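**Q** Residues per chain are reported as follows:
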Amino acid sequence: AQKITQTQPGMFVQEKEAVTLDCTYDTSDQSYGLFWYKQPSSGEMIFLIYQGSYDEQNATEGRYSLNFQKARKSANLVISASQLGDSAMYFCAMRENNAGNMLTFGGGTRLMVKP
Amino acid sequence: DAMVIQNPRYQVTQFGKPVTLSCSQTLNHNVMYWYQQKSSQAPKLLFHYYDKDFNNEADTPDNFQSRRPNTSFCFLDIRSPGLGDAAMYLCATCRGGLGITEAFFGQGTRLTVV
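Residue numbers (our numbering), protein chains in the order written: chain A, 49 to 163; chain B, 32 to 145.
Quick caveat, the hints were computed from the structure, so don't treat them as lab data. Heads up, a few of these hints could be off.
To give a feel for the contact side, a few chain B residues facing chain A, derived at Cβ under 7 Å [unchecked claim]:
id, residue
1, Val62
2, Pro74
3, Tyr81
4, Met119
5, Gly127
6, Ile131
7, Ala134
8, Phe136
9, Gln138
10, Gly139
The structure displayed is predicted, hence computed values, not measured ones. Glycine residues also receive a C-beta, built at the ideal position from the N, C-alpha and C atoms.
Construct the complete structure from the given sequences, taking the supplied hints into account.
**A** Shown next as structure tokens:
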């Protein structure tokens with residue numbers, strides 16, 4: 049079974065608008081962390097935002113926020129005021145406390161920002 | 032300042048000729064990962080180290096080996112590269128132990144097999 053599912057292979061958003069990228073996960077562990085990474089065409093993986101399973105507040109980092117719904121096992125990334133430079137692949141990832149140090153990725157979403 | 036450095040950025044190797052990719056880190060993290068990423072796919076974990084403890088993924092081919100001589104360096108050896116091994120190889124580090132923290136990635140090595 050997939051641990052991390054990203055159901056949107058590709059998305060378009062108009063510049064300056066907000067966009068939500070979906071991520072659902074599957075774990076029986078009580079302690080885990082959820083991450084979002086951005087991968088531009090250059091290939092490097094850039095860390096964006098982190099949400100711990102025990103964190104009560106949704107994580108925010110500048111224009112990025114994470115809509116964490118624990119009961120639904122979803123951790124959607126919201127990008128506000130999209131910029132052309134936001135065009136990239138976005139990956140959701142998870143580390144589970146009982147899975148050692150494995151970091152598992154979803155299939156990714158390609159976001160394209162239209163001018 | 033770069034914290035996880037991969038060399039080289041681009042590597043071209045001949046079919047069947049052994050090749051080594053390197054990764055170094057200045058973060059003093061005890062966990063290091065090697066991922067293989069093919070075009071338009073998610074990164075696939077090949078193996079990872081917790082300190083010197085080596086963890087091989089069950090479906091990682093024997094053709095792939097790794098060495099970690101010290102905390103700062105980790106190497107990926109491909110003993111006999113095939114055309115199907117052409118990919119981006121990503122090295123990452125994180126702090127293991129108490130708490131869950133983010134992994135930091137290098138810029139990757141793009142491997143071409145000719």
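**Q** All hints, please: hold or fail.
**A** Status of each hint after checking the structure:
1. Val62: Cβ of valine 62 of chain B sits 5 Å from chain A, so the hint holds.
2. Pro74: Given a least distance of 5 Å, the restraint on proline 74 of chain B holds.
3. Tyr81: Result: holds, 6 Å to nearest chain A Cβ.
4. Met119: Result: holds, 5 Å to nearest chain A Cβ.
5. Gly127: At 5 Å from the nearest chain A Cβ, glycine 127 of chain B passes the 7 Å test, so the hint holds.
6. Ile131: holds, 4 Å
7. Ala134: holds, 5 Å
8. Phe136: OK, holds: phenylalanine 136 of chain B within 7 Å of chain A, min 4 Å.
9. Gln138: Holds, about 4 Å.
10. Gly139: holds, 5 Å
In terms of the numbered hints stated before, the structure departs from none.
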